[in-house]
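Protein chains: 4
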Amino acid sequence: MAFVLPDYHPPDFGLPQFAEAPLATFERVTQEGVAPADFHATSIFPEYLHLEKGTWRLIHESRMDCTVVLEGGTTLSVKEFRHLVPGDLVACGRKENGENGIFVHTDGFRFPSRSSEKFAFRGRLTRETPFSIDYDELYGLLEHERKSGFILWVLGPAVVFDRDARESFVRLIDEGYVHGLHAGNALAVHDVEAALYGTALGQAIYSKRSTHLGHYNHLDAINRTNAVGSLKQAVDLGLVPSGIMRAVISRSIPFVLAGSIRDDGPLCDVIHDVYRAQDEMRALARRATTVVALATQLHAIAMGNLLPSYQASPSGVRPVYFYNVDMSEFVASKLADRGSLTARSILTNVQDFVVTLERGLREACV
Amino acid sequence: MAFVLPDYHPPDFGLPQFAEAPLATFERVTQEGVAPADFHATSIFPEYLHLEKGTWRLIHESRMDCTVVLEGGTTLSVKEFRHLVPGDLVACGRKENGENGIFVHTDGFRFPSRSSEKFAFRGRLTRETPFSIDYDELYGLLEHERKSGFILWVLGPAVVFDRDARESFVRLIDEGYVHGLHAGNALAVHDVEAALYGTALGQAIYSKRSTHLGHYNHLDAINRTNAVGSLKQAVDLGLVPSGIMRAVISRSIPFVLAGSIRDDGPLCDVIHDVYRAQDEMRALARRATTVVALATQLHAIAMGNLLPSYQASPSGVRPVYFYNVDMSEFVASKLADRGSLTARSILTNVQDFVVTLERGLREACV
Amino acid sequence: MAFVLPDYHPPDFGLPQFAEAPLATFERVTQEGVAPADFHATSIFPEYLHLEKGTWRLIHESRMDCTVVLEGGTTLSVKEFRHLVPGDLVACGRKENGENGIFVHTDGFRFPSRSSEKFAFRGRLTRETPFSIDYDELYGLLEHERKSGFILWVLGPAVVFDRDARESFVRLIDEGYVHGLHAGNALAVHDVEAALYGTALGQAIYSKRSTHLGHYNHLDAINRTNAVGSLKQAVDLGLVPSGIMRAVISRSIPFVLAGSIRDDGPLCDVIHDVYRAQDEMRALARRATTVVALATQLHAIAMGNLLPSYQASPSGVRPVYFYNVDMSEFVASKLADRGSLTARSILTNVQDFVVTLERGLREACV
Amino acid sequence: MAFVLPDYHPPDFGLPQFAEAPLATFERVTQEGVAPADFHATSIFPEYLHLEKGTWRLIHESRMDCTVVLEGGTTLSVKEFRHLVPGDLVACGRKENGENGIFVHTDGFRFPSRSSEKFAFRGRLTRETPFSIDYDELYGLLEHERKSGFILWVLGPAVVFDRDARESFVRLIDEGYVHGLHAGNALAVHDVEAALYGTALGQAIYSKRSTHLGHYNHLDAINRTNAVGSLKQAVDLGLVPSGIMRAVISRSIPFVLAGSIRDDGPLCDVIHDVYRAQDEMRALARRATTVVALATQLHAIAMGNLLPSYQASPSGVRPVYFYNVDMSEFVASKLADRGSLTARSILTNVQDFVVTLERGLREACV
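Chains as they are written, first to last, in the numbering used here: chain A, 1 to 366; chain B, 1 to 366; chain C, 1 to 366; chain D, 1 to 366.
Chain A on its own, in the form it takes in the complex (with noise of 0.2 Å):
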């Protein structure tokens, strides 16, 4: 299935609804990390400011629940909360169709239906809905992502607590459709431990046998890695002989490993400050044109929150496509519920969906 970009179809600012519109306006920060009261919220859609009269302007790299500043005068910069100081001048006002002088276009991208029914059973997402379609609409993209886009893979660890799924994902990996990574300190040392011991946890990834001292395993894992200085260093000291973490140091993609209190050790390439972690991963997500998400609740929500819905260049406006894979219909009604509205949800095990998806890419290229 050839995948086409949907067109865009900016608002018409001819209407007069835009016409008599007042201009944005803003207000200046007085306190660090503080924003004036009537703060402008961000959403994942496309939204323009009038800066002056006639001319609205698209902000550009956006993302949800931030504030939009005004720099040098005509420049729109999306802004966290924790990153604001005085003297920023913040968009204010909380009206969505013109009134403030913002506009947030929900619907500038025509994509298809797939209802036509007032009423109909089964209207929602679970795990009796079929997906052999979203498998064929993922290849094509991710096809056409391959070359023109940038696919921004999220990892949980589950990922390589299996040998197919594992190695699978290294193909993808090897074959070009991994742009950049970001996991936590679990996914990088259940990695490290499957290539130097073959286990995750100290169960053996192929044959589940929990090997004799295996809850050592992670922890040497560590400690191995960290001795050398960097996964890096492992790597190009041969240390590590399979893996993804491997795979994509070696070809130098990028990845962000962020912390969590869960972690053990860390490795030293975990990022210890979770918003500094952040920021390296919107750093990913400004250049995401399709993220792929698989079995982990927090670090898909935490890109979900950073992504927004279009990505605007110099060539125009294209949509950004978000798959979540999950066993769990909370966490797809979660996602669904904090707002990322251009997520779409396969309700499986990452076990079987890399393992297909590698496949199926394959065969869909021959």
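To be clear, the hints were calculated from the coordinates, so they are not data collected in a lab.
Hints may contain errors.
Said to hold, decoys possible - Dumping the calculated EDC-like pairs for lysine to aspartate or glutamate here, alpha-carbon to alpha-carbon at most 20 Å:
1) K79/B <-> D264/C
2) K79/D <-> D264/A
3) K208/B <-> D134/A
4) K232/D <-> E32/A
5) K79/A <-> D264/D
6) K95/C <-> E27/C
7) K208/D <-> D134/C
8) K79/A <-> D38/A
9) K232/A <-> E32/D
10) K208/C <-> D136/D
11) K95/C <-> D38/C
12) K232/C <-> E32/B
13) K53/D <-> D12/D
14) K95/D <-> E32/A
15) K208/A <-> D134/B
16) K208/D <-> D220/C
17) K208/D <-> D136/C
18) K79/C <-> D220/B
19) K208/C <-> D134/D
20) K208/A <-> E137/B
21) K208/B <-> D136/A
22) K79/C <-> E280/C
23) K208/A <-> D136/B
24) K232/D <-> D220/D
25) K208/C <-> E61/D
26) K79/A <-> D220/D
27) K79/B <-> D220/C
28) K79/D <-> D220/A
29) K232/B <-> D269/B
30) K147/B <-> E280/B
31) K95/D <-> E27/D
32) K95/A <-> D136/D
33) K95/B <-> D220/C
34) K232/B <-> E32/C
35) K53/A <-> D7/A
36) K79/C <-> D264/B
37) K208/B <-> D264/A
38) K95/C <-> D220/B
Chains B, C and D: place on chain A using the hints.
Just chains B, C and D now, with coordinates in the frame of chain A:
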């Protein structure tokens, strides 16, 4: 991975424990459907009854939670309570190590152990348990059983809610991996609905679109089938151009459709009386050497109740394998909790499972 | 919170849409159990048929996915397909706004809306949805229904697996909040098992201890009950010293125990034929003004299929409430997906639900 | 049910196994954050090191997956890898029965067993496991700990999403059942949001209504709090009229709010560096005698990692209790799988749990 049946090790009846054991005792049923108060209840394991000094007889075609009835002086028959009639001689006594002339043999097969550690993380089955090896073992097992066994499938409707899963299952039938089928009304109804309209409960099984008046589709599927008198008639008349029921019927594979209080219709092939349905299911279960249940809590547990852990034939005793594929840890635990100890569970979406299994079997056989 | 029944607003049949509508058409059944091809299928909503010029008749005692049969020229009866007999006059036509002389009235009741926003987080029901208000509404509703309605309970076995939940439910019966009961074999078996042995499937319902030979307990409970002929006999003879079945039988509250293929036994009170069971369940459903289903996917969905969203009587039309309490978002979604639109779900463990509900009703009535 | 602390039985170091054991060995750290290759890793159990002939010293304030460092010749300190500095003397050797001068004492406490059967249904924890007894035990335990222990609560945001749960938890604080609190940014944000606007993420915590511009509420809650500098300032200034944070701060109960990559804001009280947060959490964990975690996978597992199964003080050794309340079998299994063996799980919605617990404690104390 070539599959080899594990050996069966019968008890050593020369041991004093057995030599000194009393004979099994039997009491007569005096009231229809009611056992003597001290009845012995069967388990899923091989059980031996001491019928005359030095002679321990293995019961055949067992299932758990039933009585053992002595027929004609030497035949042991495993009977549900509801089938007891006055005069039946029911084995009595609840001790399981010979004290009542009954021995329950819980470790006749030597399966390779998966752990050698006292302490280990990740001992329980969850969605994060790896299952590459389960696929590989299934390829070997099903290849063996295709020729030498009887593979019984228990299907929930989710198998026909997705195009690729439905088509893959039909290929499994065509390739000889399906020797019996058990399901409910819904599986058959939505399979026929998919054949007639391309939908399940009105939602297209590929595009996910809700079709106009789609909530009539399953009722029309039932009504049109019942109008010709049976699924077989519908298939023979060419009314059902595709699907699982068509494939099963065309190849004269036995199937049991059991009714439930949740059914619309039902299709005329569905058995109304659940205990008659259970009898028919058990007739399949007696023949089964491997059972695979897909996404159906009700039918999986029902079949688990009917299925012993072994099959005895003139050529010897072999294990009966029982795989259960479901999304829910709760269902997996529930099966384990009911004592179906030989059950193995795979936690994933059956859509992926069926597609991956069929593809793997195809590749493994090349 | 005092409960007030919402008003029912019948359609305004004076509108041109109705005045100009054709009369409803009927076709004769020619084959037992088979409807004319163009049959009209009922919904959960009030539906009106145009029987003679200007006369629209409301169907009573409806349920979804059935046919409407004209009896004696003026009576409209909602019949399952399996009950159709040759000669029956079945309403035909699938348009729902009068075009075929049939009007489906989807908004006859004015419920207060819960949202006034275009965009909002947390629109879907999950375990994180607050339900303090649901308890408060239930206190008001059940207090009203105790005197003026018919409260039908649908119970999964988990209600008797826990001592406190079981005792609280008995108090609900004793206080008059239970007018009908529907369940399966397991609920009754484990309730009797708890009365006889203090266990459910051999595990103590308070201490959780597994008792010696406890796996016999449910079989003994069945066998001892069947030996005296019925649950009622067992209660009358004093064999069942406590529990839900005892309370229900002592107070002559009607109950329907439906069989399933998963049953051991069964108890002699269980209905073997699921469609006869469905008929009995529907007889209760016709009387029900509020239904509360606890921890049973099978029975909750089955009852949902039988239950209309309204009840019509000489004194008018009122809504029928349907609460479903379950741990699983999947089950909650499944009920919604089947079109049971008046269903409200509470996601929690029924042990807590029953205890809290009973205590709250007690306190609310003081 | 009056609670009695179980006795602790130290090992009998007069046994030959101990008398003949070698002394524990220690190796020096040569690189910051890196342990000697053969380091011994701690468990959740009491561990004894053989420091000089005949003297086995118990380690205090342990936690799993850390090193043991000898300080000043006689003090044993349990240190995370990241805190190791060159020169630290780390205990080495991985045998646990004295062979390396280290003894891991896994059965020091005699808890009553819950089973005496070889075979039993329902051995695993599921939503159908009864928990009346857990409530009763908790009433006794928390009453004991209120006076003589340190009760640490770990809260997910769901506790403040519902009015009744939030109010009940405040009463638990007021009554002295809360000695420490650990949570993430979201718990505090939505608690303040509820105090200011009556909502959580814009949805009213009682009526469930989505309020106008409600998606601004949590951002405004953060921004207003940060404007005054801290939660404490906000409480002291009277800006936060109700809720958990207000109650905790008013009573000078210590709390740790750990940041995560999922956070908006954050509130200025949140710790950015997750490993510093972990240190602060461990400072609470060292004091904790009972921990109750409510509806938070991340924080519950994180706390489980930090929490030993015992606490040693001059007056002796006592167990540390760890209750985890969650809706998901997966989370319950995950905790068990990580080796937190003293954890007990209750599968229910925390809304009900908190309300029931608070009411039960009140009634139990009357």
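- [ ] Mind checking the alpha carbons of K208/A and E137/B for me, to see if they're no more than 20 Å apart?
- [x] holds, 13 Å
Open item on the list: Hinted pair, alpha-carbon criterion (20 Å max): K79/C, D264/B. Please report holds or violated.
Closed with: holds, 12 Å
Open item on the list: Next pair to validate is K79/B with D264/C; report whether the Cα-Cα distance is within 20 Å.
Closed with: holds, 12 Å
Task: Hinted pair K79/A and D38/A, Cα distance within 20 Å - done: Holds, at about 15 Å.
Task: Restraint check for K79/D with D264/A, where alpha carbons must lie at most 20 Å apart - done: holds, 12 Å
Open item on the list: Given the hinted pair K232/B and E32/C, is their Cα-Cα distance within 20 Å?
Closed with: holds, 18 Å
Open item on the list: Check whether the Cα positions of K95/C and D38/C lie no farther apart than 20 Å.
Closed with: holds, 11 Å
Open item on the list: For a C-alpha distance cap of 20 Å, please report whether K53/D and D12/D respect it.
Closed with: holds, 15 Å
Open item on the list: Holds or violated: K53/A and D7/A, Cα atoms, limit 20 Å.
Closed with: violated, 27 Å
Task: 20 Å Cα cutoff - pair K208/C, D136/D - done: It holds: about 13 Å lies between the C-alpha atoms, which stays within 20 Å.
Open item on the list: What's the verdict on K208/B and D136/A, does the C-alpha distance respect the 20 Å limit or exceed it?
Closed with: Since the Cα atoms of K208/B and D136/A sit roughly 13 Å apart, the hinted pair holds (cutoff 20 Å).
- [ ] Mind checking the alpha carbons of K79/A and D220/D for me, to see if they're no more than 20 Å apart?
- [x] Holds. K79/A to D220/D sits at ~16 Å (cutoff 20 Å).
Figure legend: structure checked against the earlier numbered hints; hints not met, in rising order: 14, 16, 25, 30, 32, 35 and 37.
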